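> Sequence:
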Amino acid sequence: MICHPMFHIISLSLAVYNMLFDPSLAVIVDYVKDKGFENSVAKYFLSLLSLGDLIGKLCFCWITDRNYLSLPKYMMLLLVVQGVCFFLIPLSDASHVLTILVVIYGTASGATLVMFPILVENYLISVQTLAIGCITFLSGVLSFAVPPLIGYFRDNMGSYDGMFYLLGTSSLLVGLLWLLEPMIYR
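Taking our numbering, I'd label the letters of the sequence shown as residues 1 to 186.
There's no promise every hint is true.
Claimed, not checked - In silico lysine-lysine, DSBU-like type, Cα no more than 30 Å apart, as pairs: (1) 43 - 33; (2) 57 - 43; (3) 35 - 57; (4) 35 - 73; (5) 73 - 57.
Said to hold, decoys possible - Each pair of labels, with its calculated beta carbon distance range: (6) 93 - 126: 20 to 28 Å; (7) 169 - 97: 29 to 37 Å; (8) 157 - 71: 16 to 24 Å; (9) 59 - 39: 26 to 34 Å; (10) 151 - 130: 29 to 37 Å; (11) 169 - 71: 22 to 30 Å; (12) 155 - 130: 36 to 44 Å; (13) 173 - 36: 30 to 38 Å; (14) 142 - 185: 20 to 28 Å; (15) 132 - 179: 22 to 30 Å; (16) 43 - 129: 27 to 35 Å; (17) 41 - 185: 41 to 49 Å.
None of these hints come from the bench; they were simulated from the model. Note that this is a predicted model, so its numbers are computed, not measured. Every residue, glycine too, gets a C-beta built ideally from N, C-alpha and C.
Based on the sequences and whatever the hints tell you, model everything.
Encoded structure:
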């Protein structure tokens, strides 16, 4: 299982998902207040993120179920959308643009999370039970880096912008890894 390249792509995808989602939940209200919005407005962005996440979890599995997109193309699309949203969030100052980006990011994030058991079932079927646990290992280890990452950008850099760019880049790169799936999985 550990020698299977798809195991590593799935693990990296889950790790990137967690590295984006955990900090976004932790900083979104503070970040929106830094953008100049009142606390009475900023607090709703956490709800918007959660709403998008719920929509993504409940409403988008049909895209692969009905074969509109293959699993690798869908995963690539979701990770690239999340990365693009993370790049655009620091660039947006208008509340309606920020609202749309947060909801789109939340939707892509929710749609991503529900795909991991499906990915394991499709690519690692012979070791499915073990693989479900093992793909979370990298995410668990990297989760220890989230608080220092947030603190570094807030305390040392004075802004979360760099964090959004760094994490957006990681999401784009891992999303592009899914282009290798046809060569790896024959």
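> For every hint, state whether the structure bears it out.
Taking the hints in turn, this is what the structure says about them:
no., hint, verdict
1, 43 - 33, "9 Å, holds"
2, 57 - 43, "22 Å, holds"
3, 35 - 57, "29 Å, holds"
4, 35 - 73, "34 Å, violated"
5, 73 - 57, "18 Å, holds"
6, 93 - 126: 20 to 28 Å, "51 Å, violated"
7, 169 - 97: 29 to 37 Å, "21 Å, violated"
8, 157 - 71: 16 to 24 Å, "37 Å, violated"
9, 59 - 39: 26 to 34 Å, "31 Å, holds"
10, 151 - 130: 29 to 37 Å, "35 Å, holds"
11, 169 - 71: 22 to 30 Å, "23 Å, holds"
12, 155 - 130: 36 to 44 Å, "40 Å, holds"
13, 173 - 36: 30 to 38 Å, "31 Å, holds"
14, 142 - 185: 20 to 28 Å, "25 Å, holds"
15, 132 - 179: 22 to 30 Å, "25 Å, holds"
16, 43 - 129: 27 to 35 Å, "41 Å, violated"
17, 41 - 185: 41 to 49 Å, "46 Å, holds"
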